[in-house]
Each structure stands twice: as structure tokens, then as C-alpha cells.
Amino acid sequence: MHLGLASHLQAFRFPALVLSAALLLPGCSIWDSLAPEEVPDEVFGRRPVYLDVGGDPQSIYSLPPRALRNGAGIVTDGIWLYIIDLNTGVHVIDNTDPEDPISIAFIWIPGVRTATILDGRLIANNLGDLVTINIDDPTNAQVVDRDSGLFLDDLNFPEGFFGFFECYDPSRGILLDWEDANIRNPKCRTF
Amino acid sequence: MSYLLVAKPQPKSPMKTLLYLLAAGLMIFSVGCEGDGNALSGTEQSATVGSLSGSYARLIAVGNYLYAVDQTDLITFDASDRDDPREMHRQTIGRAVETLFHHSGNLFIGSREGMFTYTIQNDGVPQRRGEFAYSEVLPMAEPCDPVVANDNVAYATLYSDRSVSDPCGRTQRIQMLVAMDITDLDDVQLIRTYEVPSPRGLALRGDLLFVCNDASGLTVFDVANPSDIQMLSRLTDMEAWDVIAKDDVLMVVSTTELIQYDYSDPSALVELSRIPMPRT
Numbered sequence: 038m039h040l041g042l043a044s045h046l047q048a049f050r051f052p053a054l055v056l057s058a059a060l061l062l063p064g065c066s067i068w069d070s071l072a073p074e075e076v077p078d079e080v081f082g083r084r085p086v087y088l089d090v091g092g093d094p095q096s097i098y099s100l101p102p103r104a105l106r107n108g109a110g111i112v113t114d115g116i117w118l119y120i121i122d123l124n125t126g127v128h129v130i131d132n133t134d135p136e137d138p139i140s141i142a143f144i145w146i147p148g149v150r151t152a153t154i155l156d157g158r159l160i161a162n163n164l165g166d167l168v169t170i171n172i173d174d175p176t177n178a179q180v181v182d183r184d185s186g187l188f189l190d191d192l193n194f195p196e197g198f199f200g201f202f203e204c205y206d207p208s209r210g211i212l213l214d215w216e217d218a219n220i221r222n223p224k225c226r227t228f
Numbered sequence: 348m349s350y351l352l353v354a355k356p357q358p359k360s361p362m363k364t365l366l367y368l369l370a371a372g373l374m375i376f377s378v379g380c381e382g383d384g385n386a387l388s389g390t391e392q393s394a395t396v397g398s399l400s401g402s403y404a405r406l407i408a409v410g411n412y413l414y415a416v417d418q419t420d421l422i423t424f425d426a427s428d429r430d431d432p433r434e435m436h437r438q439t440i441g442r443a444v445e446t447l448f449h450h451s452g453n454l455f456i457g458s459r460e461g462m463f464t465y466t467i468q469n470d471g472v473p474q475r476r477g478e479f480a481y482s483e484v485l486p487m488a489e490p491c492d493p494v495v496a497n498d499n500v501a502y503a504t505l506y507s508d509r510s511v512s513d514p515c516g517r518t519q520r521i522q523m524l525v526a527m528d529i530t531d532l533d534d535v536q537l538i539r540t541y542e543v544p545s546p547r548g549l550a551l552r553g554d555l556l557f558v559c560n561d562a563s564g565l566t567v568f569d570v571a572n573p574s575d576i577q578m579l580s581r582l583t584d585m586e587a588w589d590v591i592a593k594d595d596v597l598m599v600v601s602t603t604e605l606i607q608y609d610y611s612d613p614s615a616l617v618e619l620s621r622i623p624m625p626r627t
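Order-wise, the sequence lines are chains A and B. For our numbering, count along the first sequence from 1 and bump the result up by 37. For our numbering, count along the second sequence from 1 and bump the result up by 347.
Hint data in this document are derived by calculation from the structure and do not stem from the laboratory. The structure presented is a predicted model; accordingly, all values stated were derived computationally and were not measured. Among the clues, some could well be false.
The following label-pair restraints were derived from C-beta to C-beta distances [what the hints assert, rightly or not]:
{"hint": "1", "chain 1": "B", "residue 1": "T540", "chain 2": "A", "residue 2": "G92", "range": "44 to 50 Å"}
{"hint": "2", "chain 1": "A", "residue 1": "Q179", "chain 2": "B", "residue 2": "M435", "range": "39 to 45 Å"}
{"hint": "3", "chain 1": "A", "residue 1": "R209", "chain 2": "B", "residue 2": "R539", "range": "44 to 50 Å"}
{"hint": "4", "chain 1": "B", "residue 1": "T603", "chain 2": "A", "residue 2": "E74", "range": "43 to 49 Å"}
{"hint": "5", "chain 1": "B", "residue 1": "A562", "chain 2": "A", "residue 2": "E216", "range": "17 to 23 Å"}
{"hint": "6", "chain 1": "B", "residue 1": "N499", "chain 2": "A", "residue 2": "G115", "range": "24 to 30 Å"}
{"hint": "7", "chain 1": "A", "residue 1": "A72", "chain 2": "B", "residue 2": "G397", "range": "48 to 54 Å"}
{"hint": "8", "chain 1": "B", "residue 1": "D595", "chain 2": "A", "residue 2": "D174", "range": "55 to 61 Å"}
{"hint": "9", "chain 1": "A", "residue 1": "D93", "chain 2": "B", "residue 2": "A571", "range": "49 to 55 Å"}
{"hint": "10", "chain 1": "B", "residue 1": "H436", "chain 2": "A", "residue 2": "D156", "range": "34 to 40 Å"}
Glycine included, every Cβ here is placed at the ideal spot set by N, Cα and C.
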């Protein structure tokens, strides 16, 4: 793939889609940037909430078990359960006994939205990339393969909101969510 | 307001241009919804499937292949080397694609516009078969729509927070379960729609259909007769976002909990465990 596009996607596109997923809102179809004469001084609208991944957005590693914050999906391959925590990672649970499931690890995957298991490997999106993760030892996850810029999701606007919004600026981080706010000189709008 | 008229699209890529055109052409249907996607297929457990996913999945493994959807495309990966999956095929599905489900060599893809059917060919590449446009049942809305299926019937939950005005001026929230006849994948037909509170992820296992109702809990239906499904039970002491039905264990995930049930008596699910994570 063209590297330019790949990096563009990774930084710019997939995160935006993730956000709207989090919101579960009714949606609109298109947005636009505004001509200078169209920009209002101050209006009620929406602005991006940026995800602080605390470092390299491509960094994937195991953490101790932690609370589920935004459960968005579930996968099982038998005795193991994997719970997708939207945007942040995957909880690995030993479900040998469904009456006593045990949380083993949390695998930090910035921007994760979907994941599956193939032959013991955890495969997930890391923002716009597809990553293959060796979880033979879930407490020591290791990325074994990365394919960049595969997910062309393009929702870098507040899906479901009609009105002015502060344009998403990929240089400020991963787009996690949108929040209501009084915004000044918004240069974007959905319609 | 005049800004509605003076906005000037500034496409940033051919893809975006295409989306603009599509969107413009479809504005009349553009009251939509956004669902997060992880359509799992709790129902799927053929020998070729190593893992089961909830109905909001956007990435699934079938045999040695991986299938993924993004907003517009269906992507096939050759994963015969599990440590080096490679993209081998990509095709355009449509717009606002959300979920991906597999059953018996067929893929069922939910978008906000409708449900698309594909058959996986011998080379692993899915071939488009048919589709069911949700405009048939919801002329004004674009719902969120995880889908599950068995050999003959696909079920999708359609949900939108946005109230929709009907021709008589009344407004309604979209919360619908749609049963579709997929006996002929090339010609999907509506069987019937049902109203279900806040429908989200779902799972199908034999004649049982499990539908997550978000804050309203979870509902179990007997779907032996898809044109007249019967509610067997409803759980209300929990939230449910997505679900897998595996053997006799129902795995339900909400925003903050994992809850498992024994559903051997579908009219009275027995809670096995409930973990507000972590539990170590």
C-alpha cells in the first residue's frame, strides 16, 4: 500500500469512526468545511474529544486485568473469552468454568473496535491497521504482524449531529468522542 | 438557513467524492443511526469456525481466511500463515457498513442501508448474492443493524435514537427486529417485522433467538415460526449490548459487565456468573 495513504488513514480516519461507534447515535451522511464568511463567532455545537493513548498509538502490550469501561464486543474460542473495550484494548478471560470466569490480562490496543481469534492469535484493528498478536501468554502479548492502513473508515465528524462542529485535527491525537460545547469560530458543519 | 445552501463540498479523496455523491443521492434517506459494530454470530459453530463472535463484529475468521469490513469495503485476508495474514482481495459493499456475520460459507453484512448476502467461493473470495434494503420497512430511517442468520432466515435488529416522522406526522423511534427469508440468497424477502425495545446485538441458536435490549435487558424468543416468533423470557436486571450463544452458555456483554447464563431452559435463564471486571 502507498505509505502516504496508510499513515494518513491511521492517523486520521479510523479514529473518527471509532468515536461514532461509541456514541451510538442516529447519523447524518455528510459534513463539510465552511467558507470564511460562513463561520459563526460562537455557537452551540460539538467538539472532538481526543484520546490520550499515553504514548505510541502503535504500542500494544499486556496490562493487569482492569475494569471494563466500554464493552463493545465479545469473542470466544472455547475456554477463553475476549471482551473488546472500545478504543482501549481487549480483556482476556479464562472461562474454563463459566460459573467462575477469571480475568487474566488486559491487552492495550489503541483504537480497537473489533477483534477475532484465529488459530490462537488475537487479530484486531489498531486504529486503521490490522495487527496479529501472539497471546500464547496473555500476560505478555507480542505483535507478530502489522498491516497498515487497511481500514478506510471515514467518519471524522460527529455522526448523528446536525450543526456546527470544531473540525477534527488529527495532529491533536486520536478522535475518541464528541462533546457538546459552546464553540468559537467552528469551521465545520454536518448537514 | 442559508448555510445549508452554500456549503461547498471539498472532497479530500476519490473515496470521499464517491461518498459525497452517494450521500447526496440518498439524502432523502439520510436520517440514520450509528451503531457500533460487532455483530456476532452466536449461532455459528461450524467446524471451520475456530471462534465465535458477537453480532457487532467487523472482523471474523473463517477457516484460514479473515474477513473484515470497514465503512465501504469487504476485505479478504489469507491467513494460512497465522503470523502473517495478507490482504488478498477487496471489494466495495456500499455505504455505512457496520457488521459482519458468517453462517455456513455465507456472509451476511449489515449496513445502515440494508443487509447484503455473500457466498464464500472456493478461493476464499466472497461473491455478492443479494440484498435487502431497509427502506422497504423503514422508508425514513437508517438504523443500526447487526444481523444473524441460519440456513433459511436472517434476523436483524434495527435501532435508531432518532425519531422518525411517518406520513401522518407522528413520530416514532425505530426499534425493530426484521425477519428475512434467505432461502434464496440472491432474492432476500421480508418475512415480518417485530417491535422490540432498544434492540442491539443478537444471537441465534437452533430455534432460539437472543436479543440484547441495552438498558432494558435481554429477550429470548422461540423462532421456530419466523413469521410468528414467541417471547419465552425476558431479563431486566441487567444491561445487554452483545451476546454469544455457545452450547448451553449464553455470554452477554454490557458496557461494564460480562454476564453468563445457562439457557438450557430458555424460559428461565439461570445466571452462572456476573463479573464487573476485573475479577482476578
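A quick look at each hint next to the structure:
1. With their beta carbons about 48 Å apart, T540(B) and G92(A) fall inside the hinted range of 44 to 50 Å.
2. A C-beta distance of roughly 25 Å is found between Q179(A) and M435(B), which places it outside the suggested range of 39 to 45 Å.
3. Between R209(A) and R539(B) the beta carbons are some 48 Å apart, a value that agrees with the proposed interval 44 to 50 Å.
4. Judged by the Cβ atoms, the range 43 to 49 Å given for T603(B) and E74(A) holds: they are separated by roughly 47 Å.
5. Distance hint check: the CB atoms of A562(B) and E216(A) are about 21 Å apart, consistent with the given range 17 to 23 Å.
6. For N499(B) and G115(A), the hinted distance range of 24 to 30 Å is satisfied, since their beta carbons lie about 28 Å from each other.
7. For the hinted restraint 48 to 54 Å between A72(A) and G397(B), the CB-CB distance of approximately 53 Å keeps it satisfied.
8. Restraint check, D595(B) to D174(A): a C-beta distance of roughly 30 Å breaks the suggested window 55 to 61 Å.
9. Between D93(A) and A571(B) the Cβ separation comes to about 52 Å, which falls inside the hinted range of 49 to 55 Å.
10. A C-beta distance of roughly 20 Å is found between H436(B) and D156(A), which places it outside the suggested range of 34 to 40 Å.
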